[in-house]
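Here the protein sequences come in this chain order: A and B. Here the first sequence is numbered in the working numbering, starting from -13 and rising by one per residue. Here the second sequence is numbered in the working numbering, starting from -13 and rising by one per residue.
Derived by calculation from the structure, the hints in this document are not laboratory data. Treat the hints with care, as some may be off.
One copy or any two copies: either way a pair holds, since identical chains are not told apart in the list.
[Said to hold, decoys possible] EDC-like cross-link-like pairs, simulated, lysine to aspartate or glutamate; straight-line CA separation at most 20 Å: (1) LYS156 - GLU195; (2) LYS228 - ASP253; (3) LYS159 - GLU147; (4) LYS159 - GLU195.
What you are looking at is a predicted structure, and each value in this text was computed from that prediction instead of being measured.
So you can see what is in the structure, the chains are spelled out below.
2 protein chains.
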Amino acid sequence: MMAYKQVALIGLGLIASSVSHAIRRAGLPIRVSGHARTQKSREEARRLGLGDIFDTAAEAVAGADLVILCVPVGAMEGVAKEIAAHLKPGATITDVGSVKKAVVGAVAPYMPGHVHFIPGHPIAGTEHSGPASGFASLFDNRWWLLTPDRQTDPAALSNLEEFLLALGAKVDKMEAEHHDLVLAVTSHVPHLIAYTMVGVADDLSRVTETEVVNYSAAGFRDFTRIAASDPTMWRDVFLNNKTATLEILGRFTEELFALQRAIRTGDGDQLFDYFTHTRAIRRGIIEAGQDTAQPDFGRIVTRN
Amino acid sequence: MMAYKQVALIGLGLIASSVSHAIRRAGLPIRVSGHARTQKSREEARRLGLGDIFDTAAEAVAGADLVILCVPVGAMEGVAKEIAAHLKPGATITDVGSVKKAVVGAVAPYMPGHVHFIPGHPIAGTEHSGPASGFASLFDNRWWLLTPDRQTDPAALSNLEEFLLALGAKVDKMEAEHHDLVLAVTSHVPHLIAYTMVGVADDLSRVTETEVVNYSAAGFRDFTRIAASDPTMWRDVFLNNKTATLEILGRFTEELFALQRAIRTGDGDQLFDYFTHTRAIRRGIIEAGQDTAQPDFGRIVTRN
Chain A
-13 MMAYKQVALI GLGLIASSVS HAIRRAGLPI RVSGHARTQK SREEARRLGL GDIFDTAAEA
47 VAGADLVILC VPVGAMEGVA KEIAAHLKPG ATITDVGSVK KAVVGAVAPY MPGHVHFIPG
107 HPIAGTEHSG PASGFASLFD NRWWLLTPDR QTDPAALSNL EEFLLALGAK VDKMEAEHHD
167 LVLAVTSHVP HLIAYTMVGV ADDLSRVTET EVVNYSAAGF RDFTRIAASD PTMWRDVFLN
227 NKTATLEILG RFTEELFALQ RAIRTGDGDQ LFDYFTHTRA IRRGIIEAGQ DTAQPDFGRI
287 VTRN
Chain B
-13 MMAYKQVALI GLGLIASSVS HAIRRAGLPI RVSGHARTQK SREEARRLGL GDIFDTAAEA
47 VAGADLVILC VPVGAMEGVA KEIAAHLKPG ATITDVGSVK KAVVGAVAPY MPGHVHFIPG
107 HPIAGTEHSG PASGFASLFD NRWWLLTPDR QTDPAALSNL EEFLLALGAK VDKMEAEHHD
167 LVLAVTSHVP HLIAYTMVGV ADDLSRVTET EVVNYSAAGF RDFTRIAASD PTMWRDVFLN
227 NKTATLEILG RFTEELFALQ RAIRTGDGDQ LFDYFTHTRA IRRGIIEAGQ DTAQPDFGRI
287 VTRN
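Pulled out of the complex, with its shape left as it was, chain A reads as follows:
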């Protein structure tokens, strides 16, 4: 028996619209209310039938048993301030921000004592954004991380978990600080590196843009996909996960310099050993169902 009769989505991009679709797909008897900052997004959300869309966040959260903050990390504090006085007693508030310590710092101070704030982060997404980019299966077999603390109410936590499982996700729990380190490795630094590589290619006067584009199938295009993600979201991620990002970046450049030195000195054995080692991780990811073994991400449709 689902504990929530109304779920409010604040911010109506890829994640929020996917939550709306997934609620409907699961056949849950839940009313979805929602709000987006721009009129354009609100109108698009109405056209897509994502729920009852309101012009203010305060109206959207009224009566909601669960409020999901789906705005960029930098906008969390403003939204928390805005909705605080309008939250239903006993409601659960969660978020989908890619960093957790900073969100706790931005949101928790505004939360009244009569609600439960349980930070969260679905490890799912695509390079597309906006209300029309969502789809019901986005969370299937993906992990939705929660970062409760010692004060978290066990019943509120278990209700939230039940809801997320119904969306198709798997749920795991960890400390906010550890979350930020794990994500710095699996997401934040990879994105920064991809953005950087694409920037380098774009800025190189001796190689034309046509050449970069035409010959991208040799590896580069995989970087451009993740470097096409939402700029606002990623700016906020880096500004709000500074410590872990800089730590992992430091490790990355250390390793890169070691490989660079191996290239310069012609140390083929070191290169070969390094490249052999990294294959094993790929196998682990495929076995865990977090990617497909189809060659080239299955880009090639016709097989002989």
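The hints should help you fit chain B onto chain A, whose structure is shown.
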């Protein structure tokens, strides 16, 4: 009218086996002969019916109008030495190595005056390797670069182009040195970076391998795909494209340090501008047909 009656494939991995499949798919009246260094690969190639497989490269090239060297860059010189005396007068020799200047240096000195050596490089591949990994459509709509020089015979070049077009590829020509710079940007440095990032994640004691694997959908897994490519091939690429790789790596770390500084100082505007800019390149790649716009590389099969 195809100029070649017999094509010899030396080395029977992903590229060679795909050439064999593509020749058959095109219905070309061409006999395929082939050789691989290991008995295991030769037996696999025979089982797959890739052509007439010989125990020596010398036997495989006998009578061939076109010889395609499909071995790692570091093995090119040995193969060139081995086949030189057995090449048919008037034959064309090409290769599929990912670097071109070093291959020219390794192969050209051994080529007799009565053959045409035209270096080449198909910008196509997957993360899989071996005789069984090939398929007929690998080259469809992909660029096959040739690096002829002023001595190249125009008729031999045009015959080779005609053949490559029949495999489904598009053909472009450039200087060997420029090729190596372009590929350093679109392929070699992206691969090195991906290998490095995967190595960092693997080596981090505070984040478990299970965490890396489970939460890889947030960006990291795209890196693991290209970091799962053949280690021998990539070792040889870096050892043989030292100059261009180190130049682009230098540019990359310069840019990365600038972004790292923006994170440290909290310069959100610089980050936002950078991340906005890189989106345009992605659009170019999709418009040029070198990737698909499907979210997440089309990993998500079920759409609502």
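> For this structure, which hints from the list above don't hold up?
Replying inline: Going through the list in order, the structure violates no hint and respects every one.
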